[in-house]
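Here the protein sequences line up with chains W and B, keeping their order. Residue numbers for the first sequence follow this note's numbering, beginning at 5 and rising by one. Residue numbers for the second sequence follow this note's numbering, beginning at 5 and rising by one.
These are calculated hints, taken from the structure and not from any lab test. A quick note: this is a predicted structure, and the numbers were derived from the prediction, not measured. Any given hint could turn out to be false.
To be verified - Only pairs whose alpha carbons sit at most 25 Å apart, straight line, appear in this in silico BS3-like list of lysine-lysine: (1) B:Lys166 / W:Lys58; (2) B:Lys98 / B:Lys83; (3) W:Lys68 / B:Lys82; (4) B:Lys145 / B:Lys51; (5) W:Lys58 / W:Lys68; (6) B:Lys51 / B:Lys112.
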Amino acid sequence: MSVRIAVAKVSPAAWLTALAGLGVLFYVLQQGVLSAQWSAMVLEIQAIQRDLHKELAAALRAIKADGVTAAWSLVFLSFFYGIFHAAGPGHGKVVISTYLLTQESQLRRGILLSVLASLTQGLTAIVAVTGCVTLLGFSMRQAQRTAGELETISYALVALVGLMLVWSRGRRLFKRRPPAHAHVHAHDHGHAHAHGHADDHPHDHAHGHAHDHSHDHSHAHAHAHDDACSSCGHAHGPTREELDQPLSWRGLLGMVASVGLRPCSGAIVVLLVAHSLQLSWAGVGAVVAMSIGTAITVSALATLSVYARTTSLRLAEMLPGQGSRIGLMIDIAGAMGGVIILLAGIMLFQAAWTAPAHPLM
Amino acid sequence: MMVRRLREMGLCAVLALALVVQVWMAAPAGAHPHAWIDLRSTVVLNKAGQAIALEQEWLFDDFYTAVATEASDGAKGKKTDWMELAKTNLDSLKAYNYFTEIRSGGEKVTLGTVTDYDSEVRGGRLWMRFVVPFESPVDPKATDFSFSVFDPSYYIEILHMKGDVVAFRGPSATSCRGHILTPTPTTEMLLLAQAIDDNAKTNDGLGKLFAERVDISCR
Numbered sequence: 005m006s007v008r009i010a011v012a013k014v015s016p017a018a019w020l021t022a023l024a025g026l027g028v029l030f031y032v033l034q035q036g037v038l039s040a041q042w043s044a045m046v047l048e049i050q051a052i053q054r055d056l057h058k059e060l061a062a063a064l065r066a067i068k069a070d071g072v073t074a075a076w077s078l079v080f081l082s083f084f085y086g087i088f089h090a091a092g093p094g095h096g097k098v099v100i101s102t103y104l105l106t107q108e109s110q111l112r113r114g115i116l117l118s119v120l121a122s123l124t125q126g127l128t129a130i131v132a133v134t135g136c137v138t139l140l141g142f143s144m145r146q147a148q149r150t151a152g153e154l155e156t157i158s159y160a161l162v163a164l165v166g167l168m169l170v171w172s173r174g175r176r177l178f179k180r181r182p183p184a185h186a187h188v189h190a191h192d193h194g195h196a197h198a199h200g201h202a203d204d205h206p207h208d209h210a211h212g213h214a215h216d217h218s219h220d221h222s223h224a225h226a227h228a229h230d231d232a233c234s235s236c237g238h239a240h241g242p243t244r245e246e247l248d249q250p251l252s253w254r255g256l257l258g259m260v261a262s263v264g265l266r267p268c269s270g271a272i273v274v275l276l277v278a279h280s281l282q283l284s285w286a287g288v289g290a291v292v293a294m295s296i297g298t299a300i301t302v303s304a305l306a307t308l309s310v311y312a313r314t315t316s317l318r319l320a321e322m323l324p325g326q327g328s329r330i331g332l333m334i335d336i337a338g339a340m341g342g343v344i345i346l347l348a349g350i351m352l353f354q355a356a357w358t359a360p361a362h363p364l365m
Numbered sequence: 005m006m007v008r009r010l011r012e013m014g015l016c017a018v019l020a021l022a023l024v025v026q027v028w029m030a031a032p033a034g035a036h037p038h039a040w041i042d043l044r045s046t047v048v049l050n051k052a053g054q055a056i057a058l059e060q061e062w063l064f065d066d067f068y069t070a071v072a073t074e075a076s077d078g079a080k081g082k083k084t085d086w087m088e089l090a091k092t093n094l095d096s097l098k099a100y101n102y103f104t105e106i107r108s109g110g111e112k113v114t115l116g117t118v119t120d121y122d123s124e125v126r127g128g129r130l131w132m133r134f135v136v137p138f139e140s141p142v143d144p145k146a147t148d149f150s151f152s153v154f155d156p157s158y159y160i161e162i163l164h165m166k167g168d169v170v171a172f173r174g175p176s177a178t179s180c181r182g183h184i185l186t187p188t189p190t191t192e193m194l195l196l197a198q199a200i201d202d203n204a205k206t207n208d209g210l211g212k213l214f215a216e217r218v219d220i221s222c223r
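Okay, chain W solo, but in the shape it has when bound (with noise of 0.2 Å):
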């Protein structure tokens, strides 16, 4: 019987959305893996970077011979490096999409993520170079390493993210346990409740009732999920039960934080330049231009990842079957992902770590 009724309150607009989210990740995997145009890209973008790093150096000088006039160019170009920069590869853009993929269903939240953490890198730099030439009167060179080791904090904080996740996500996991098992009677009681209510009442007040019940907040959420919104067969993703989840907000400002406070190195080369050319308010505006056009970059990819993670979310419900393991799912994924990015912060921290210096710096 569930059967049917899931499939019957599938809406046309949920289907064609999961199939143009399918349409979109074969496009992309078509074009990363099977085809060598993605190579080309990646040449593309080096080479585009490369021009417009050299066309940054003449607009500071341009600002130094005419003035103020000339700046615009300057702001303008710090933008388009900020983005294709960005559409560069990265390791913070690795972390975020995993994060996002793996933890975050709302898009409004992603965006605001990163945002957050490209504009934080900006002001990282900003503060690390001002900081340590302007007040502490170090060399360039003193100050570019300077920022080298905001890097290896920032890596490891991106470890203690992942492990906070893998700690959240696996003591749901754990909570779950002995229901989805040794006592299935006894859910399937409770189940049966849920959907009565679900019935009667509007959904949010469904979702009220799961919550007085439960142990604690998050645990509240994977509950409500299973009982009220699988049983009822309705297709709505866990999109809207997850918001104000309080793991979410930690977790992204412990991104945040983690990510911004490592200094993209191009920013910092051009702060270190203006300052050389007295042009240190030059230099500042350059890097919030910078810090908006990678924004834009980074938005477009956690875009693409709460997408692909809603689009395989909703997929999965409407999948036909009792589906009360949804939310066990989203919990592992999530586990999965903190595992995935406490592994990627252990590793670039050892790496940075342990790299020795470039022979040139």
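Position chain B relative to chain W; hints supplied.
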């Protein structure tokens, strides 16, 4: 029960797919160039027409110049400062074979220590010339001979200027030609590089994939 399993498998598959896409998009993560060097190269030949050294000229970009010289265009420094900087850089570069890889007959040619070098600021950019000697001469007429100049970490991108040609010096210089091949890394190579890069144990990292290769042929 079966339907439920199907559903779980579906979710797993799609999530895995999405993860793969992410990894693909993000690879090769890590280093991408933050400094650029315009390269000019000259193959040095002996009387017998054998290659004995590779002379290189590196013209650093404005940003590297600014940071390395502590000034916007090197205006503050003197010739002796640049020579000292070149000495420091070349001393550090020795452990990296001066970012130079010479191949002959499928083997890497062992390189000696640079003693002949020069440096100054040209047109506001730091410039350095140095000669990398080969331990044993290579005969380009008898065996295949190619070289690449690259920063393995890809922090610096080193490329010949567009339209630049490889020069030859020596009695038989006119009989030789260099063919500059632009890098064409495949997706598979990039992914492999990513795996290597993350292990951070090897020196031949990402940079090699984006390196030019110069094939030398002599008649």
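Task: Structure versus earlier hints, numbers of those that do not hold, lowest first - done: none
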